[in-house]
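Student: Could you put the whole structure together from the sequences, leaning on the hints where they help?
Number of protein chains: 2
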Amino acid sequence: MRIEEIDKNFVPASIGDLQLHYLEVGAGSLMPRGLAWYEQDKQFCRLPQAALSSLSEGVQGLAWHTAGAQLRFKSDCLHLALQVELRGPSNMPHMPASGQSGFDLYLGSGRDKQYVKTAIPPYGADKFEQLLFSQSQAEMQEFTLNFPLYNGVKQLRLGFSPGAELCAASPQAVKNPVLFYGSSITQGGCASRPGNAYPQLLAQQLDFQCLNLGFSGNAKGEPRMAELIAGLDLAALVLDYDHNAPTPEHLEQTHYPFYSLIRARQPQLPIIMMSMPDVDLKLEAANVRRYIIEQSYKKAVAEGDKNVYMIDGFKLFGKSYRDACTVDGVHPNDLGFQRMAECLQPCLARVLRVEA
Amino acid sequence: MRIEEIDKNFVPASIGDLQLHYLEVGAGSLMPRGLAWYEQDKQFCRLPQAALSSLSEGVQGLAWHTAGAQLRFKSDCLHLALQVELRGPSNMPHMPASGQSGFDLYLGSGRDKQYVKTAIPPYGADKFEQLLFSQSQAEMQEFTLNFPLYNGVKQLRLGFSPGAELCAASPQAVKNPVLFYGSSITQGGCASRPGNAYPQLLAQQLDFQCLNLGFSGNAKGEPRMAELIAGLDLAALVLDYDHNAPTPEHLEQTHYPFYSLIRARQPQLPIIMMSMPDVDLKLEAANVRRYIIEQSYKKAVAEGDKNVYMIDGFKLFGKSYRDACTVDGVHPNDLGFQRMAECLQPCLARVLRVEA
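Those protein sequences? They're chains A and B, same order as listed.
Final position of the first sequence in the working numbering is 356; the numbers increase by one with none missing.
Final position of the second sequence in the working numbering is 356; the numbers increase by one with none missing.
Please keep in mind that the hints were generated in silico from the structure rather than gathered at the bench.
Cβ coordinates follow ideal geometry from the N, Cα and C atoms, glycine included.
It is possible that some hints are incorrect.
What the hints assert, rightly or not - Below, simulated SDA-like cross-link-like pairs (lysine to any residue); rule was C-alpha separation at most 20 Å, straight line: (1) K306(B) to D233(B); (2) K319(A) to S134(B); (3) K282(B) to L131(A); (4) K298(B) to E249(B); (5) K319(B) to Q345(A); (6) K282(A) to S134(B); (7) K306(B) to P257(B).
Said to hold, decoys possible - Partner residues aside, some chain A positions facing chain B, computed with beta carbon under 7 Å: (8) N91; (9) A97; (10) L107; (11) S109; (12) G110; (13) L232; (14) L234; (15) F314; (16) V327.
Claimed, not checked - Covered stretches of chain A, as calculated for chain B (at least 3 residues, CB under 8 Å): (17) 120–133; (18) 338–349.
Tutor: Right under this line is the structure:
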C-alpha cells in the first residue's frame with residue numbers, strides 16, 4: 001500500500017498542462033548561494049575543486065551534498081516549478097527523502113519569510129519535477145529555495161510562467177556569510193526538510209548567508225580544512241566539531257590547532273565553539289569531550305582572544321521534552337534542531353550585531 | 001553512496017554472536033497494549049475484525065498500521081533484540097523509515113522513562129532484526145517499546161538473553177486508555193520515530209495507555225466509527241477530526257453527530273475537540289473548519305455538557321519557529337508534534353486528574 005493512494009494530502013502537485021519556461025540554475029539571477037566556490041568552479045560543491053584531492057575520501061564525497069545551498073531571487077511569475085537531477089536516490093532509513101533530497105521554498109524578504117512548500121522526490125527517484133508555487137495575479141515576490149541536505153545536485157532548472165520577470169533578491173541583513181563546520185548534525189542529519197537544519201533555521205531567523213561545512217562522519221578537524229575556512233571572508237564561524245573525532249585524544253590534538261590556524265589568519269573573526277548536543281545516552285564520553293573543547297576555549301581567552309565564544313552542548317536541547325530531540329539518540333530531529341537554533345541565536349545575533 | 005558506509009553513527013548495531021532466546025509477542029507478559037481488541041482477536045490491528053467490513057476501504061487498510069501500539073514489561077535481561085516481519089517496506093517520501101516502520105524503546109517506569117534506542121529497518125527491508133539494549137549486570141528494568149506508526153506488523157519476536165526473567169510492567173498512572181480519533185496527523189505523520197507522534201508524547205508525559213485511531217486521509221467521522229469508540233471504557237477522548245472531511249459541509253454534517261453518538265452512550269467521558277494545527281497556508285479554510293468545530297462545542301455546552309473541551313488548532317504550533325513545524329505545510333514534524341503535545345497537556349492532565 002502506497003500512502004499517497006489513500007491519503008490525498010500526500011499526493012504531490014502535478015505540473016499538468018502548465019506552460020513553463022525553464023532556466024538553468026547557475027547564472028545571472030539564478031546563481032546559488034551558500035557554495036563559497038561556486039563562482040570560481042561552477043559546480044554544486046561545498047569545497048573548491050582544486051582542494052578535493054587533498055582531503056579525506058569521505059569529505060571528497062560529501063562535499064557534493066548541497067547542505068546550506070540556496071537560491072534567492074525576485075520574480076512576478078504566476079507559477080514556479082523545478083526540474084532536478086540528483087546524484088542518487090534517497091536511501092537513508094532515519095531521514096526522509098524530503099530532508100535528504102528535497103528543496104523547500106520560502107516567500108518574503110528579510111526576516112519576514114514564510115515557508116510555502118517542499119519539493120520532494122517520489123520514492124526511489126533521482127530525477128523529478130514539481131510545481132512549487134502559483135498565484136493568480138502577477139505580483140513581484142522574493143523567493144528563497146533551500147537545496148538538499150544529504151544528496152548532490154547534478155542539474156537544476158527552474159520553470160517560470162512565460163513573460164515572468166526575474167531579478168536579484170534584496171541584500172541580506174548580514175553582509176558576509178556565517179560558516180558552520182562539523183559533523184552529520186551540522187550537515188542537517190536528520191531534519192525533515194532542508195530549512196529545518198539548525199544552520200538554516202539560524203540563517204532564516206537572522207537573515208544571513210549560511211556556508212554549511214558539515215561532513216557526516218568525517219569532521220576530523222584536518223589542517224587543510226582549517227586553511228580553506230581561513231581563506232574565506234566570513235561574518236562568523238561556528239565550530240560544531242566534536243562528534244566525528246574518532247577518540248577524545250584526536251579531539252584534543254586537533255581542536256585547538258584547528259581554531260588556532262584560523263585565528264592566526266583571521267584575527268577579528270568571531271568564533272563560536274560548541275560541544276555536541278546529544279549527551280544523555282553517553283554522559284561520560286560527552287563530558288570528556290566538552291572538557292577538551294572548554295580547554296580550547298579557555299586557552300584562547302587566556303591568550304587574549306576577545307572574539308571567541310563557547311556554547312555548552314549540554315544546554316542545546318533545553319529541558320522539557322529533551323528526550324524527544326533525536327531520531328536515534330545521536331541525530332537531532334526538527335525538534336532538536338529548533339532547540340539548537342534557539343540556544344545559539346542570542347550569541348550569534350550578538351557577534352553579528354543584529355537583533356536576536 | 002549509502003551514508004552508513006561513510007558515517008559510522010548510521011550503522012545499526014549487529015546482533016553478532018549473541019545467544020538470544022526469542023519469544024513470540026502476543027501472550028503472557030508480552031501482550032501488546034494500545035490495540036483495544038487484541039485480547040479478543042489476537043491481531044495487530046487497531047479495529048475489531050468483525051467491524052472491518054463495515055468501514056471504508058481506506059480505514060480497513062489503515063487499521064493494520066500499528067500507531068499507538070506498545071509493549072510494556074519488566075526484565076533483568078542482559079540483552080534485548082527484536083525480529084520483526086512488517087506488512088511492507090517503507091515507502092513514504094516525507095517520513096523516514098524510523099517513524100513509518102521503526103520501534104523505539106524507553107527504559108524506566110511511570111513518568112521517569114528515558115528514550116534509549118530506535119530499531120530501524122534497513123532501506124527497502126520488510127523484515128529485520130536488531131539489538132535494542134545491553135547491560136553488563138542483570139538488573140530488573142521496565143521496558144516500553146512503541147510500534148510502527150505507518151506500517152503493519154505481521155510477526156514480532158523479542159530476543160532475551162538466556163535465563164532472563166520477564167514479568168508484567170507496573171500499572172500506569174491512568175487506569176483506562178485515552179483514545180485519539182483523527183487524520184494522518186493523529187496517526188503520527190510525519191514523526192521521525194513512533195514515540196514522537198503527539199499522542200505518544202502525551203501518553204509518555206502523563207503515563208496512560210494510548211489508543212490511536214488516526215486514519216491517514218480517512219477520518220471521515222463515520223457513525224460506525226463513533227459506535228466502536230462509544231463501546232470502549234475510556235479515560236478521555238480526543239477528537240482530532242477536521243482535516244479529512246472532504247468539504248466543510250461534510251464536517252458540519254458529521255462533527256456534532258459523531259460527538260453526540262458517543263456522548264449518548266458515555267455521559268461522563270471527557271471529550272476534547274480540536275481543530276487542525278496547520279492553518280497558516282490556508283487560513284480561510286482553517287477558519288471555516290474551526291468555526292464548525294466550535295459550533296459543535298458550543299452546542300454541547302449549551303446542552304449542559306460539563307465534560308467537553310475545545311482546543312483551538314490555531315494555537316497548537318505556538319508562536320516562535322511556527323513555520324518550522326511541518327514537513328510539507330500539512331504534516332507536523334517532531335517540532336510540530338512536541339508543540340501540539342505541550343498545548344494539549346494541561347487540558348488532558350486536568351480531565352485525567354493527574355499532574356500536568
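Student: With reference to the structure, classify each hint as holding or not holding.
Tutor: Evaluation of the provided hints:
Between the alpha carbons of K306(B) and D233(B) the distance comes to roughly 19 Å, so the proposed pair stays at or under 20 Å and holds. A hinted pair counts as satisfied when its Cα atoms are at most 20 Å apart, and K319(A) with S134(B) does not qualify at roughly 27 Å. Restraint check for K282(B) and L131(A): satisfied, since their Cα atoms lie roughly 18 Å apart, inside the 20 Å limit. For the hint pairing K298(B) with E249(B), the CA-to-CA distance comes to about 18 Å; that is within 20 Å, so the pair holds.
Taking the CA atoms of K319(B) and Q345(A), the gap is near 16 Å; set against the 20 Å cutoff, the hint holds. Taking the CA atoms of K282(A) and S134(B), the gap is near 14 Å; set against the 20 Å cutoff, the hint holds. Annotation: proposed proximity of K306(B) to P257(B) holds, straight-line Cα distance about 18 Å (limit 20 Å). Below 7 Å, beta-carbon pairs count as interface contacts, and N91(A) has one with chain B at about 5 Å; its hint therefore holds.
For A97(A), the interface hint holds, since its Cβ comes within 7 Å of a Cβ in chain B; the closest pair sits about 4 Å apart. Among the interface hints, the one on L107(A) is violated; its C-beta lies about 11 Å from the nearest C-beta in chain B, farther than the 7 Å criterion. Hint status for S109(A) relative to chain B: violated, with the closest Cβ pair at about 15 Å, above 7 Å. A hinted interface residue such as G110(A) counts as satisfied when its beta carbon comes closer than 7 Å to some beta carbon of chain B; here the least separation is about 14 Å, so the hint is violated.
For L232(A), the interface hint is violated, the least distance from its beta-carbon to any beta-carbon of chain B being 25 Å, above 7 Å. Interface hint at L234(A): violated, since its Cβ lies 25 Å from the closest Cβ of chain B, which is beyond the 7 Å cut-off. Look at F314(A): its Cβ only gets to about 16 Å from chain B, farther than 7 Å, so that hint breaks. For V327(A), the interface hint holds, since its Cβ comes within 7 Å of a Cβ in chain B; the closest pair sits about 4 Å apart.
Coverage of the region 120–133 of chain A by chain B holds in this model, with 4 residues showing a Cβ closer than 8 Å to a Cβ of that chain against a need of three. Under a criterion of three residues with beta carbons nearer than 8 Å to beta carbons of chain B, the stated coverage of the region 338–349 of chain A is upheld, 3 such residues being counted.
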